[in-house]
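**Student:** Chain by chain, the residues:
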Amino acid sequence: MSASNINKTLPPRYGPNFKQEAAYEHVKELLNEILPQTDKSQIETEQNWRFPLEKIREEKKRKPKSTKKKLLTRNEKKKLGLLKLPKGGWDYSKILPMNKIWKEYMYENLELVKRAPHHTESDYNSFCAVLNKSELIGAEISIIRSKVPSYVAESKFKIITKDACVFIIQLRNMKFTVYGKSLLTRPSDRSIKKIKSYVFPDL
Amino acid sequence: MVKLRKCVGKENLQRLNYLYQIGNIYAKSNCKQNNLLSSYYTNLMISISKKTVQRLEPNIKRNICKVCKNICVPGKNCKIRIKKQKIQYKCNICSSSKNYIAQQTYLWFDQTQSVNEILDYSQNKS
Ligand SMILES: [Zn+2]
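Chains as they are written, first to last, in my numbering: chain A, 232 to 434; chain B, 128 to 253.
Worth double-checking, as some hints may not be accurate.
[Said to hold, decoys possible] Listed next, the in silico DSSO-like pairs over lysine-lysine satisfying Cα-Cα at most 27 Å (straight line):
id	chain 1	residue 1	chain 2	residue 2
1	A	Lys334	A	Lys425
2	A	Lys315	B	Lys133
3	B	Lys193	A	Lys309
4	B	Lys193	A	Lys425
5	A	Lys315	B	Lys211
6	A	Lys292	A	Lys308
7	A	Lys315	B	Lys210
FYI, nobody ran anything at the bench for these hints, they're computed from the structure.
Every value quoted in this text rests on a predicted model; they were computed, and no experiment measured them.
Let's have the full structure, built from the sequences with the hints guiding it.
**Tutor:** So this is what it looks like as structure tokens:
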């Protein structure tokens, strides 16, 4: 073994899983050849051998950063206008076909047998719960009573406050009266919320 | 007329169904306002299904674009290609894409053992 061999790859007996004692001996052999005569005496006396690169080898590799694509954040959605519908510029005749589907859906949903149950019957409470949980997009609704008198019996496209109104929902030959107070929740929350069977009739 | 046993949360399922139907009408048109309507309805549908803990059917869920929440109607709204045994849906509006494995019985939903009970309400119509 000579100094010119240092840069070459190690022989197979010094492969990746050879023991630490063998490593010490290998280095001692190497030093015996390279060092001048005057320094050779220090090889044995130097007890604490240091291998500065040893620690780096044992360290675990860092996990690569996750490359998952992020979806739109809430601020980006707000900029694109996905959260709220525009207030103006609707064509009523284009939205009208929705009403045809709504009638079919509602009739099937309420499981009506030609008429709605009277408030003295036993079905009444469960019927009200189903009506509360049903969807009102596409329904034909008119206002019969309101704190703002100009709202009543108006045919205009307008955004109103639901709190101070009483609505009538029309379905075939039936009419349902709904207080605006019960519609004040978020549309998705209405599916889980339980309603009171009796609401104090206050405008 | 036979009165069937009531299915749990039937009114919620029917609400989801209705929202999907009206969302489908407006997804087909190229008008930007109508696309907003469609994405608004699907957003409502997703939030209702989360809150009532009733999961959407996998085929319906796959039809919804994950970024702009539009319903994908192939040929009008989105592109569908098969690449390396995977189906790729590409949305035309926001140009995002998603891949699924093209195998017939890959999902548990598609296998015949997964069906437990069928309630048929179609005879109840009057
Ligand atoms: Zn999209």
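**Student:** Does each hint hold? Answer for all of them.
**Tutor:** Consistency of the hints with the structure:
1. A:Lys334 <-> A:Lys425: At roughly 24 Å apart (the allowed maximum being 27 Å), A:Lys425 and A:Lys334 satisfy the hint.
2. A:Lys315 <-> B:Lys133: 36 Å, violated
3. B:Lys193 <-> A:Lys309: 16 Å, holds
4. B:Lys193 <-> A:Lys425: This hinted pair is violated, its Cα atoms lying about 31 Å apart.
5. A:Lys315 <-> B:Lys211: Violated: A:Lys315 and B:Lys211 sit about 39 Å apart, past 27 Å.
6. A:Lys292 <-> A:Lys308: 38 Å, violated
7. A:Lys315 <-> B:Lys210: At roughly 37 Å apart (the allowed maximum being 27 Å), B:Lys210 and A:Lys315 break the hint.
In this structure, the hints that do not hold are numbers 2, 4, 5, 6 and 7, in rising order.
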